[in-house]
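Take the sequences, apply the hints, and build the full model.
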Amino acid sequence: MRPINRVKLTENIVEAIVEYASSQNLKAGDRLPSERELASALRVSRPLLREALRKMESLNLVEVLPGKGIFIKNPLRNNMAYLVLHIDGDKKKNLEVLKIRRALEKLAVEEAIKNITEEELEDLERRLNLLEEKQRRGEDSREENWAFHSLIYRAAGNKLLFDILEGLKDFHLFWEDPFECPSFAEKTYFFHRELFKCVEKRDPARACTLIDRLLDALENEIKKSG
Numbered sequence: 001m002r003p004i005n006r007v008k009l010t011e012n013i014v015e016a017i018v019e020y021a022s023s024q025n026l027k028a029g030d031r032l033p034s035e036r037e038l039a040s041a042l043r044v045s046r047p048l049l050r051e052a053l054r055k056m057e058s059l060n061l062v063e064v065l066p067g068k069g070i071f072i073k074n075p076l077r078n079n080m081a082y083l084v085l086h087i088d089g090d091k092k093k094n095l096e097v098l099k100i101r102r103a104l105e106k107l108a109v110e111e112a113i114k115n116i117t118e119e120e121l122e123d124l125e126r127r128l129n130l131l132e133e134k135q136r137r138g139e140d141s142r143e144e145n146w147a148f149h150s151l152i153y154r155a156a157g158n159k160l161l162f163d164i165l166e167g168l169k170d171f172h173l174f175w176e177d178p179f180e181c182p183s184f185a186e187k188t189y190f191f192h193r194e195l196f197k198c199v200e201k202r203d204p205a206r207a208c209t210l211i212d213r214l215l216d217a218l219e220n221e222i223k224k225s226g
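With the numbering used here, the residue at position 129 of the sequence shown is 129, and numbering never jumps.
Just so you know, these hints were derived from the structure itself, not from any lab. Owing to the predicted nature of the structure, the values given are computational and were not obtained by experimental measurement. Heads up, a few of these hints could be off.
[What the hints assert, rightly or not] Straight-line alpha carbon distances no greater than 25 Å define the calculated DMTMM-like cross-link-like pairs of lysine to aspartate or glutamate that follow: (1) K159 x E143; (2) K201 x E139; (3) K169 x E15; (4) K106 x D203; (5) K197 x E132; (6) K99 x E166.
Structure below.
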């Protein structure tokens, strides 16, 4: 028998919720139907629905507030870019996403180097120190990892660029998670400190070389994956 693609089911739920919100002209701040109502309307289990909602939360599309409901954080429209910019276990799509990440990450760091303030630079170093401390202790450092990169993206000063890179959060963190992909995560240990030095010294060429080296290693990991 061909195994059921759980990720595809999650994608279908996300797409159905987006289609509903678009057809109802729901805006940021509006409340979606309850979990029970959504699961019933979509004819899916509550655990599977929650998995889809977690995906939407990670993409900054909805916010689930216990006891209050599910609220839209950003407008939901059909054919949004995020519907294809996420990890789904498909090697070909992962390599396509990586191409996009490579181009956008270089653009973000180049713009951040031009625009970052001294205050943001101090914050970036603080976040880096927290990340390295978690890594040294062998603890889950995904949120610190993302806080570091997210500040660089924000410092670029381009909201659309920031939003697109935010949409790649799951893809980014999966490969740098020592529990999910230990061989690649180990290779990223010194990358963040080196990238910080490039930003601090205002060296975009060196920063882009570092990004290429990191993403070349990631490309090899993806190609070796199942």
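Here is what the structure says about each hint:
no.	hint	in the structure
1	K159 x E143	holds (21 Å)
2	K201 x E139	violated (30 Å)
3	K169 x E15	holds (19 Å)
4	K106 x D203	holds (12 Å)
5	K197 x E132	holds (14 Å)
6	K99 x E166	holds (16 Å)
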